[in-house]
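Using the hints provided, position chain X relative to the given structure of chain L.
One line per chain: the protein sequences are L and X, in this order.
The numbering used here puts the first residue of the first sequence at 1, with every later residue one more than the last.
The numbering used here puts the first residue of the second sequence at 162, with every later residue one more than the last.
Some clues are possibly wrong.
Said to hold, decoys possible - Estimated spans, in silico, between C-beta atoms of each pair: (1) L:Ser132 / X:Thr213: 41 to 49 Å; (2) X:Tyr221 / L:His106: 14 to 22 Å; (3) X:Ala344 / L:Ser65: 43 to 51 Å; (4) X:His222 / L:Lys26: 33 to 41 Å; (5) L:Lys93 / X:Ser244: 33 to 41 Å.
What the hints assert, rightly or not - With a cut-off of at most 27 Å between alpha-carbon atoms, the simulated DSS-like pairs for lysine-lysine come out as follows: (6) L:Lys57 / X:Lys353; (7) L:Lys66 / X:Lys330; (8) L:Lys16 / L:Lys57; (9) L:Lys26 / L:Lys16; (10) L:Lys125 / L:Lys93; (11) L:Lys66 / L:Lys117; (12) X:Lys330 / L:Lys26; (13) L:Lys16 / L:Lys117; (14) L:Lys93 / L:Lys117; (15) L:Lys149 / L:Lys20; (16) L:Lys20 / X:Lys330; (17) L:Lys117 / L:Lys149.
Simulated from the structure, these hints should not be mistaken for lab results.
Note that the Cβ used here is the ideal one computed from N, Cα and C, for glycine as well.
Next come the chains, spelled out residue by residue.
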Amino acid sequence: MMALLLCGGGALAGPKVHQKPSDFLKASLGAIPATQAITLSARQQAQVRAILGRNYKTKSVRYWSKNGKTAFILEEIGKTEYITTGVVVRNGKVDSVKVLVYRESHGWEVARTAFTKQFRGSVLKSNGQISSAPRNIAGATLSVRALTKLARLALFLESQK
Amino acid sequence: MIEPTPKRRRHFARKWHRWLGLVSALPLLWLAVSGVLLNHAQPLGLNDRMVTSPWVLRHYHQLPDGRPSGLQVGTRLIAEWGSELFLDDQPLALQGELCGAVAYQGQLVIATPERIGVFDGSDEMLLELDDLSLPATPVQGVKVLDGQLYLAAADQFYLLSEDFFSAEKSQRSFLTSPPKELASEEAARLEKALQGRRGMPLSRVILDAHSGVLFGWPGWLITDLAALGLVVLTLLGLRLFPKRKA
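Isolated chain L, as found in the complex:
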C-alpha cells in the first residue's frame, strides 16, 4: 500500500476542471462570440517557438473577441500533461488568467486566484518577456513556467491579430 502511495498515488489523480471553457468565455466576454483564428506564418511560428521552446500544438490558434477584449484558450504542458488556460487580453494588457483544466498530479496551486491575479496588467516587453513575472511556487515550478509562457503567448498573439 505504501509503495502504491509513493509510486502511483499521483497517477491516480485525474483532470480537474476548474471551469468549463464555454463558461469562462461567457464570464469573461458576456457571451460566446463567433470563433476567429490566427494562422501562424513561419516567422510567427519561430516567435512562438522562442516563447514556448517548441511549436504550439496547432498552427492556427482560436480566439474570441467582444467589447475590446480578446479571450484565448491555450494549452501548454506543465510536466507531462496539458494545462488548459483561459487568458483575456485588453489593450495589450492581460486582463485575467484562469486555469480551466489542470491535469498534472502536482502543482495545482497555480489554479488559485491568488496566483493568477499576478498576471493582471502585464504587458509584453520588447525582449518577449512579461512585464511582471509571477512569484514561483515551490513544487509547482513547471506549472508556473507553463502559465507564464501562456500569458506571454496570449500577449504575442494579440499583437499579431
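Okay, now just chain X, sitting in the frame of chain L:
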C-alpha cells in the same frame, strides 16, 4: 523445561544459516548486482539505454490497452488505440475515440466525439475544434458530399463552412462508418513503431526490479523477505562467530 546446550544452539543456528542462505542466495545476489548497477547508472549509460520490450512498455502504460482499430482515408491510415490516435504510425496531438476521418481540401479532418482535428497531411495539427466552435457535440461522424464537409453531431446533420468555424443545419444525411479492427500486420507495425519511440530508461527498469515493484506484489514480497532473510542471516552468523570451546 530443559535448556538447550550450547552445542545444540550452534547446531540449530548452523542449520538455519545454511538453508536460509541457500533460499535467499538468488534474491540477495540480484539485489547486490542491481544495487551496484544503479550506483553506477550514469557511467554505464543505463539512463540512455531504452527498454522497448512490449511487456515492460505495457507495465509503464507506454503502450495503449486493447486492440487498435482504424479508418482508411485514401492511402492514409488513421488508427485509434486506447484513447490515442495515429496517422499511419505517427502519434497525433488529438486524442479520443475515433468516430470519423475524411480528406477535405487537401487536409485530413479527424473526428472524435468531443473534438475535431484538422491536419495538413503530416502529424502537425492545423486546427483543433471543440464545443466552442462546433455546432453540437458529441460528434458522430464526418463526411464529404459534393465537395462539402458535413458533420453528424447530436443526431443532427450540419454543413460546415470552409474555415470550419460556422455551420448550418442540413437536411442531407449520411451513414457514419465506425473504425474497423486493424489486421494483425497493421497492428504489429503500429506496435513496432510505438516501441521504437517509447522506450523506458534501463536504469528506471532496474530500479523498479531492484525494489521488486516491477513484478507487482510478489516482487516486493520477495524483496522484503530477502531483506528480512539477510537480517536473520546476520544474526545467525554472529551467533556462530564465537570460537567453539575445546
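Going back to the hint list, which numbers does this structure go against? none
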